[in-house]
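A.B. asks: Protein sequences appear in the order of chains A and B.
According to this note's numbering, the stretch in the first sequence is residues 1 to 373, in order.
According to this note's numbering, the stretch in the second sequence is residues 1 to 373, in order.
These aren't lab readings, by the way, just hints derived from the structure by calculation.
A hint or two may mislead.
Any copy will do: because identical chains look the same in the list, a pair fits if it lies in one copy or spans two.
Calculated cross-link-like contacts (lysine-lysine; reagent style DSBU-like; alpha-carbon spacing at most 35 Å) [as the list claims (entries may be wrong)]:
no.	residue 1	residue 2
1	Lys138	Lys81
2	Lys81	Lys153
3	Lys107	Lys147
Treat the numbers as computed from the prediction; the structure is a model and nothing was measured.
There are 2 protein chains.
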Amino acid sequence: MSIGILGGGQLGYMLALAGYPLGMRFRFLDPSPEAPVGRIAPRVTGDFADRGALDKFANGLQVVTYEFENVPFDSAQWLAKRVSVYPPPAALETAQDRLREKQLFEKLKIPTTPYASLSSAYDLDTAIKKIGLPAVVKTRRMGYDGKGQWVLKTPEDVKAAKEILPKQAFVLEKFVAFERELSIIAVRGKSGETAFYPLVENYHREGILRLSLAPARSVAPEIQRAAEYAAVQVLDSLNYVGVLAIEFFELDGELLANEMAPRVHNSGHWTIEGAVTSQFENHLRAISGLPLGQTTPIGASAMINLIGELPDMAEVLAVPSTHLHLYGKEPRPGRKLGHVTLRAPSVDRLFSRFASLPPFFHRPDFCLDGVKS
Amino acid sequence: MSIGILGGGQLGYMLALAGYPLGMRFRFLDPSPEAPVGRIAPRVTGDFADRGALDKFANGLQVVTYEFENVPFDSAQWLAKRVSVYPPPAALETAQDRLREKQLFEKLKIPTTPYASLSSAYDLDTAIKKIGLPAVVKTRRMGYDGKGQWVLKTPEDVKAAKEILPKQAFVLEKFVAFERELSIIAVRGKSGETAFYPLVENYHREGILRLSLAPARSVAPEIQRAAEYAAVQVLDSLNYVGVLAIEFFELDGELLANEMAPRVHNSGHWTIEGAVTSQFENHLRAISGLPLGQTTPIGASAMINLIGELPDMAEVLAVPSTHLHLYGKEPRPGRKLGHVTLRAPSVDRLFSRFASLPPFFHRPDFCLDGVKS
């Protein structure tokens, strides 16, 4: 089985590492000659919109998938005429655009935050009349890790926003004072079978995921069911194949769908050691038409992102039951360079293990205290 | 950290897959242009004795290790003058020669089977006078997977052996009607710290390992201690760095050391899913001077070798808690093509799961019944 992956970052890296034991072969397409996957798989260096590069990339592949959701929809469609592309390009098109995503949630009666669509920042006043303040302006396209988002609290913020916002289309969302963010990693196979990991608690700083706790604590069975039901609705409506992540806000015992990602997701990295089958293996099983693997968690896991700088490797590995994942990228502020997963038989044992992490991790950025409180 | 590995088979393949998440880079040397590692790492194709190839291979590496113990000792020594080589070449020299291995066990007072050394098959009669029948003739060098071994039961066997045995040096060992074969995977770091996985039960057919059950059942604490003590003696005496495997015969509540392997070992493959840290990661941690990882098992595991032919992949993956590892080699009789690891919370649950394996596995070769009886 030869699998092509659009995008050559850490998600592609971890997909390949999960697929090699299954005898799969990989080829990547990435615009950067520095993409980390170059060390572990053949790679075509070229733009995602370059038909010549796409052609070279697709030659001889059995299936193509993406680790990056901002691949041009046209390119995905062009590839789909030549080779199986999973998840289907229509899912990519929906997930690339916050407005389409919101409209899909609405159509499927999945609760989401109230929103208004703006063709440019000039429509802000009308939108705010509808939604009220505080609110969040989000670009319809290309937002990630908190980029392309602005919180508006006061009429002054709105006035300032009209000056500084780029000239593009937005969605304005009501600001939700949620209790916590939960996400679900779901997977759907070629014949429509589905599997779900337990909901995970996510902690962010500056818009970037810092820590995921899996499984999430004190999740009522109806909350897990609601998340799975939302995921199934989305998966079936898009005739989806592969892993899909949906992020929710939890508020007053209810879930509001925030956004989705048509790919393996940072809040699912804990599954490498913390679940019977990882999200990466399950994505590959799904797109290859193989049976899905068990999503049962093994104890409690905390996944901690390493952003911008790396700790001393030996100090991290000296902590019992700690698993280090480095992505082979050059350090740069705000860049995801790796992650650490701690696993323990229970969440209490997990939290007590935090104390043995080196001082590097005991800064507020890592949310080790945040998650415990 | 750039690591060179001599040998490009499945052990090297699994070492690289364990090292990539730690940010390690790998280069392989293997005489075959078909070596499976070629898909996942740069590789120099050349003979292990070819100084030009060795030079090209070693250039820029921080450490060299082996996944194959029949690398010429001279080559290991030559490399050790240029780059750190772990385990030390002296360990390789001992493990390559059954006589040296036996002499080391004797020197360290590690119980082993009675034996005699023969410079050729012509000395058989003298050796048999010392050891008695039944006995096993083993070539001093290059034996593996039951190759280079002949069981002698009767004087007629001895007579025939003198005719057919190749002209080389042998060891004659007393044939031991052992109750079971146990092995220990041990690891020693650069500063002398050691860690041990629990003893494993091994089941062979035609001299090839078919199934390992981990941890071994009903192991008295003094048996585990005896195995660890034997391993520590060998590790310390050789100033060893890396993973070492020792196989033992269990007989009347005692262990007899049978042989050792100066590398990661087939009876340790279960550690990928069945232990907190795999033997592969621990070998890499050791040779890189990093702290050793926990060797604690997670439930009970059965590792089943796939030899000569492969089952239907989808049927295997449909069995819950089953992990498939394919080595990317062309099927050939007697060749190790992959392995399957089943994991369960207890050995009873593990055995009951055997029933869900597809018919392919329910042949005596796989020892599924053998291990249960």
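A.B. asks: Measure nothing new, just compare the shortest in-copy and cross-copy C-alpha distances for Lys81 and Lys153 to 35 Å and report within, between, both or neither.
C.D. replies: Intra 47 Å, inter 67 Å, cutoff 35 Å: neither.
A.B. asks: Is it within a copy, between copies, both, or neither that the alpha carbon of Lys138 lies no farther than 35 Å from that of Lys81?
C.D. replies: within (33 Å within a copy, 60 Å between copies)
A.B. asks: Up to 35 Å between alpha-carbons, please classify Lys107 paired with Lys147: within, between, both or neither.
C.D. replies: For Lys107 and Lys147, the Cα distance is within 35 Å only inside one copy (27 Å; across copies 67 Å).
In the structure shown, a violation is registered for the earlier hint numbered 2 alone.
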